[in-house]
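Engineer: Both chains are given apart, each in its own frame, so use the hints to dock them into the complex.
Spelled out from the first residue to the last, the chains are:
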Amino acid sequence: DAGVTQSPTHLIKTRGQHVTLRCSPISGHKSVSWYQQVLGQGPQFIFQYYEKEERGRGNFPDRFSARQFPNYSSELNVNALLLGDSALYLCASSLGGQGAYEQYFGPGTRLTVT
Amino acid sequence: AQSVTQLGSHVSVSEGALVLLRCNYSSSVPPYLFWYVQYPNQGLQLLLKYTSAATLVKGINGFEAEFKKSETSFHLTKPSAHMSDAAEYFCAVSEVKNNDMRFGAGTRLTVKP
Numbered sequence: 001d002a003g004v005t006q007s008p009t010h011l012i013k014t015r016g017q018h019v020t021l022r023c024s025p026i027s028g029h030k031s032v033s034w035y036q037q038v039l040g041q042g043p044q045f046i047f048q049y050y051e052k053e054e055r056g057r058g059n060f061p062d063r064f065s066a067r068q069f070p071n072y073s074s075e076l077n078v079n080a081l082l083l084g085d086s087a088l089y090l091c092a093s094s095l096g097g098q099g100a101y102e103q104y105f106g107p108g109t110r111l112t113v114t
Numbered sequence: 001a002q003s004v005t006q007l008g009s010h011v012s013v014s015e016g017a018l019v020l021l022r023c024n025y026s027s028s029v030p031p032y033l034f035w036y037v038q039y040p041n042q043g044l045q046l047l048l049k050y051t052s053a054a055t056l057v058k059g060i061n062g063f064e065a066e067f068k069k070s071e072t073s074f075h076l077t078k079p080s081a082h083m084s085d086a087a088e089y090f091c092a093v094s095e096v097k098n099n100d101m102r103f104g105a106g107t108r109l110t111v112k113p
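Residue numbers (the working numbering), protein chains in the order written: chain A, 1 to 114; chain B, 1 to 113.
For reference, chain B alone in the conformation it holds in the complex (with noise of 0.2 Å):
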């Protein structure tokens, strides 16, 4: 079965400063691997995709992801943190033959001043 692992459940970075979240997957065939994001008492919002195109990916707000299958990763950068990237980012990998998407346990970002 497919899975990811996220490493580091908290990550705190200052403003201005590199986002690098990470997030290593396994499988057994090449996988669709996503981002998204989740503030507080909101649904998930999708950063970016991964389906087998480009190895570097870019989403919304300035993040990219880039698909190392040497490495089996799929790390989340940001060059400059904001405050309004608080929040939690969860990893995901979903099969090709339907939407049954396996998340990793989140990260926790946090943005100081």
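With the rest of the complex left out, here is chain A (with noise of 0.2 Å):
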């Protein structure tokens, strides 16, 4: 089966701009999340959407917004890019939205904010 997917691999934007990273969960999971890692730190939580709903929001600017589609598939958008926001963000997927559930990670998109 294949794992999670995270569309594009890489990109690289100018300050300002705006940028939609995708992600595709394992077949059968209906919860995403997002995480932004930048480089020498662990994951910051910025969403969970369950069921196409929003379930959980991290500490994060309403530059970042993310949604969830029929199929689950999600998108994170984030406008007004800054350079601090250049890190690895990663999506992940699990069956359920509660904790105790497995969260499978994708290979993460890196995000390069000139």
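It should be emphasised that the hints constitute simulated quantities derived from the structure, not laboratory data.
Where a beta carbon is used, it is the ideal one built from N, C-alpha and C, also for glycine.
One should not assume that every hint holds.
Residues from chain A that face chain B, not an exhaustive set, calculated with beta carbons under 10 Å [to be verified]:
| no. | residue |
| --- | --- |
| 1 | G3 |
| 2 | Q48 |
| 3 | C91 |
Pair by pair, the computed Cβ-Cβ distance ranges are [unchecked claim]:
| no. | chain 1 | residue 1 | chain 2 | residue 2 | range |
| --- | --- | --- | --- | --- | --- |
| 4 | A | T14 | B | G62 | 14 to 24 Å |
| 5 | B | H10 | A | R67 | 33 to 43 Å |
| 6 | B | K58 | A | T5 | 26 to 36 Å |
| 7 | B | T55 | A | R57 | 29 to 39 Å |
| 8 | B | V29 | A | T14 | 40 to 50 Å |
| 9 | B | S3 | A | N77 | 21 to 31 Å |
| 10 | B | P113 | A | L39 | 20 to 30 Å |
Structural biologist: So, in structure tokens, the structure goes:
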């Protein structure tokens, strides 16, 4: 079975631009979470979606938004990019929306803002 | 809010030696605890998880961790290190109601031949 897939793998954007990152969960998984991992740090929780509804939101500005589609894939959008948004963005999927469910991570999208 | 602290940003062991990576958690309710491993330029892979069943949890690749409520700890161990264990290791705690997973800062494990 295919694991969690993310696209693109790398991208470079300029300050002030907008970016959309995409994630396809493992088949049968209904929950998708997004994390930001700055170089040298642990991942930071951004959003969780379960059954197309937002279930949790981390401490990120409103420039960050996300949604989940009927097929459970998800998009993360970041507006007005800042240099500090440069990071590895990880998507994780799980069967259910609660904390006991194991999360499976994708390989990430490396975003560089110049 | 729940959180984890990983003691030691870098641990170095010789091949065949004991691996001990430390993690302490802060939680007002019984937590779910996880250890993940990350190899360079890759995503995170689950090693093991604690979800209030047995306090000694066995994971993949010979790793195990023991949940100690009195010490609020969830240290990761492996009896004999292998060169392929060299990676970044993250401890994480999750809430009950959602997948808001809080990660520690990570511990980089180096294995010397």
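Engineer: Taking 14 to 24 Å as the hint, is the beta-carbon distance of T14(A) and G62(B) inside that range?
Structural biologist: violated (46 Å)
Engineer: Note whether the CB distance of V29(B) and T14(A) lies within 40 to 50 Å or breaks it.
Structural biologist: Holds, at about 44 Å.
Engineer: Taking 21 to 31 Å as the stated bounds, is the beta-carbon spacing between S3(B) and N77(A) within them?
Structural biologist: Holds: the Cβ-Cβ distance is about 28 Å, inside 21 to 31 Å.
Engineer: Would you say the C-beta atoms of K58(B) and T5(A) sit inside 26 to 36 Å of each other?
Structural biologist: For T5(A) against K58(B), whose Cβ atoms are near 29 Å apart, the range 26 to 36 Å holds.
Engineer: Quick one, is the C91(A) hint okay against chain B at 10 Å, beta carbons?
Structural biologist: Holds, because the Cβ-Cβ distance from C91(A) to chain B comes to roughly 9 Å (cut-off 10 Å).
Engineer: Tell me if the beta carbons of P113(B) and L39(A) are separated by a distance inside 20 to 30 Å.
Structural biologist: About 27 Å separates the Cβ atoms of P113(B) and L39(A), which means 20 to 30 Å holds.
Engineer: Grab the minimum C-beta distance from G3(A) to chain B and call the hint holds if it beats 10 Å, violated otherwise.
Structural biologist: Status holds, d = 9 Å.
Engineer: Do H10(B) and R67(A) keep their Cβ atoms within the hinted range of 33 to 43 Å?
Structural biologist: holds (39 Å)
Engineer: With respect to the beta-carbon atoms only, verify the hint that T55(B) and R57(A) lie 29 to 39 Å apart.
Structural biologist: At roughly 32 Å between Cβ atoms, R57(A) and T55(B) fall inside 29 to 39 Å, so the hint holds.
Engineer: Under 10 Å, Cβ to Cβ, is where Q48(A) needs to be relative to chain B, so tell me if that hint holds or is violated.
Structural biologist: holds (5 Å)
The structure shown violates just one earlier hint, number 4.
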